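Chemist: Here is how the chains run, residue by residue.
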Amino acid sequence: MTTNQLVLLLILFSPLIAAVLVVIIGKLGDGAAKWSALLFSLVPLALTIYLWIAYQNAPVENGGFKFVFSVPWLPQINSNFTIGVDGISLSMILLTAILTPLGIIISFRITDRLPLFMALLLGLTTGMFGVFMALDLVIFFIFWEIGLVPMYFLINQWGSANRRYASFKFFIYTMAGSIGLLLSIQFIWSALGTYSMPQIAAQWPTYTGQSVLGIPIETVKNITFWLFVIAFAIKVPVWPFHTWLPDAHTEAPTAGSMILAGVLLKLGAFGFLRLVLPFFPQQAAQFAPILAVLALAGIVFTAFAAFGQNDFKRLVAYSSVNHMGFVVMGVAVAAAAMGNPEYKQYGIIATNGAVLQMFAHGLSAAAMFALVGVVYERAHTRDLNQLGGLWKIMPVYGGILIFSAMANLGLPGLAGFPAEFQVVSGAWPVFTFITLLSMIGLLMTGAYVLKAIQKVLHGPANRELLHHAEMPDINRREIIALAPLLVLMLAIGVWPYWLMDVINKSVTKLIGG
Amino acid sequence: MNFDFRQMVLTLIFLAPTAAAVIILLTPKDKTMFVRVVAATATFISLALAIFTFLTYDRNVAGYQFQALAPWVPSLGISYHVGVDGIGLVMVLLTGIVGFMGVLISWNIKDRPREFFAFFMLLVAGVFGVFVSLDLFLLVFFYELSIFPMYILIATWGSTRKEYAAMKLTLYLLVGSIIALIGILAVYFSAQFQPGMLPEGMTRTFDLLLLQQANIPIEVQRIWFLPIFLGFGVLAGIWPFHNWSPDGHVAAPTAVSMIHAGVLMKLGAFAAIIAMRILPDAAREQMPLVILLVTVNVVYGAGIAMVQKDFKYVIGFSSVSHMGLVTMGFATMNQVGMNGAVLQMWSHGIMTACFFSVVGLIYDRAHTRQINELSGWARYLPLAAVAFIIGGLVSMGMPGFSGFVAEFQIFMGLWQGPFFGQIWYYPIIAILAIWGVILTAGYVLRIVQQVFFGEWDPHKWHDLRPSNFGDKLALITFSVLMIIIGIVPSLLMNTINLGTASLMKLLGG
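Respectively, the protein sequence lines represent chains A and B. Residue numbering for the first sequence follows the numbering used here, starting at 2 and increasing by one per position. Residue numbering for the second sequence follows the numbering used here, starting at 1220 and increasing by one per position.
Looking at chain A on its own, in the form it has when it is part of the complex (with noise of 0.2 Å):
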């Protein structure tokens, strides 16, 4: 084992690990629990910047992937424990690796069963981490499953009134979306007899086996398609499977929110691209036009939605539904090309843009719903007609605030613009028409970010709301759980090379160009 493949384990199990020790911390007290909690997160995060300096120089391995660690796990069933990172992978690893300490800063107020909440806490960070790094099918399937645990409880215990019923939704929802991926990928076994990655990536779109039940082969393949484009569109969440989304992330506690449309979301968009497109390239191709089209739904739809909300998180929410449809476009290109080689430009650029924007969106997005978390401690309200006025009262807020939600509607010079610039720019000479059409959504999304800060920040403050609840500025701690959000936005809206350079290389090798 090299060093490297010993950081890319650690940086996997840490976060476990730290969970039980967390517990067991706990014991002393909250004040141990919490500030042992954000030491133990901030192990991965330096092991991940390590990993993303040694990466450059780092030889290639099988398939593409570097540091590639594997051991045996169940050889009954060919199954290995096979780990390693690409580009896209690593990016996200970071993006986990940058959320999860921000997310125990932002929760460190909590004062129900605090030590188990930082234990789920971190406990979902492996999983997370898991389902970026797998080159595994049933090492894939284990941690994207095993998220759902976590996250569930997370929102099921800490969450606000309508806790019960989000949960429930949110796990039977992705449970449901997962038993399609778990037949597709048992049933790709039953065909080709192994459950590596790589290999499945090289062998399936030629394969011309045996078929079942006396459907031909390409049907077959078709379903298979399918049933894991549901299974991730659930995740995204795509129009018209997005309808968990808000409940969950309405009523999660504040870090379950940042790490929800942070990284969950993104575990979805991944799977597209680690999965879909290499397993079912001419499958992508013929359907990439149906999936522009959900993204097209995705993007104008819930633009509208967002502005119609009246509840300042729930907002946010459909916010997530409304950018991670750059992301579907951007994916929906790279099908295409994946059938055209006219367009395999276009696709590295779209796609370019659709991992940036799974990075981008990442930081905004738990930028605004630590900002919501923000006035909701403060106010107890999230109702758009009761807050107001709150800059006079809380002006570093709003600057922050403004900040964030210019970062999240993709003003120039911050993250958001450079994604989906590209994203945009790469779609335009495949599907001109949705594109056009697409910025139906861009302009609405304006709309809905103005109406946010204009609800909260201008026009009269409720002087009730002021009466009843205490409203000092946001204050250090919740600044420095920001503050490197803000930090990244901008060093990657003026800057994006550094990011773009690592996901670039692998988004071609994806796409083939």
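Take these hints with a grain of salt, some might be off.
According to the in silico footprint, chain B covers these stretches of chain A (three or more CB under 8 Å from chain B) [claimed, not checked]:
(1) 76-87
(2) 140-148
(3) 170-181
(4) 375-383
Don't read these hints as lab results, they were simulated from the structure. Since this is a predicted model, take the numbers as computed values, not measurements. Every residue gets a Cβ at the ideal spot worked out from N, C-alpha and C, and that includes glycine.
Following the hints, position chain B against chain A.
Modeler: Same frame as chain A, now just chain B:
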């Protein structure tokens, strides 16, 4: 006769609880502590021996090991023959664990503890006996031996319509086992042996290893396969013969439910696959029909569990659903599916024992099992809540826990289809049965939310007391086992694989 320890160990495993039963019955009534200690010691000895056999089983040689053979009624071909292969080994280990934990959980039983523990010891002995028997007569003997104490345990120490449940259970199982016995006799009388295969002076035999090699006419196989398989399969809860099981589970006292659902139902599956061993040709023809029955188990059982109002009935019906997966795994007729089935037997055994101990803990304090009357118990019994949640994750096949590895392989087996050729409806069964998993997630989450979370009102309950050391030890053991096997399944799979490999060989695969 050679008194090698390796030959004696399986005999000792079931003799320990038998001896304990005798000692307990000879003890004066008021010496409750002594009775408990004897029961705990005996089951602990069995557990230790089970662990010993598991660790020292020679995995390079495989096959049946720790064999002991002594003539019993030579003229009829009945012998005392014990031994275990990879499958039996895992089941013996499971029985050892659940038996010992069952004693710990019933430590404070108040009503006639002496008789309770005596019958409980007999039950455990009978279960061990079935798993180690290599002679069909001996097997049926132990099989009946485990049904008899069950009746008394439920009828005397049970709750909720206990007489009805005990009677129903006994009649169902008795009728099933008699039909299976008739089938075994038919096989016994029609088996033809090569000259020199049987020992001197014997013309017929009940010995499993000999019957496996015998030539049994295909007509006999066709007629008697289903009677033997389903006759024993009644105990595995195969639809439509599952009806005794939820009533029995619910009425039984906690430790008996644990043994009952945790181990006894596996005994049904274990005995049923004997039919596959001795009648392989018919098994190839008829197992694809059995799979249709158990598909109903998986989906219908989970659906019924979803609408139950009684906590314990939910677990009872969940057992019906999960045991359906076990038989389904065997009916896939390939090694991956069978590996999954055996692991599911283990995994469900631990999980359901864990479930019933949690239900028992709560029932002892709340004196009700109505789901909508209970709430917030995680506040009072946090360990029980954690154990139940882990068990729930196992039962819904959550990756990272033992149930996933088992169910995953069973579904893989369905995709792969029988080794002798595809059967068109197997993939359809995979697609249908997977809905059982979704429903399971539904009812588990429903219970977790209602019973363990929600408002906790300490004034509502008048009999609150913390769980004792034995309860905690049992719950922790179960939880740890469920997680470890989920993460490192090869601990058990390497052993199970040897057993299913020889089973596949018998079937001709």
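Chemist: State for each hint whether it applies.
Modeler: Comparing the hints with the structure gives:
1. 76-87: Per the Cβ count (3), the hint holds.
2. 140-148: holds (count 6)
3. 170-181: holds (count 5)
4. 375-383: violated (count 0)
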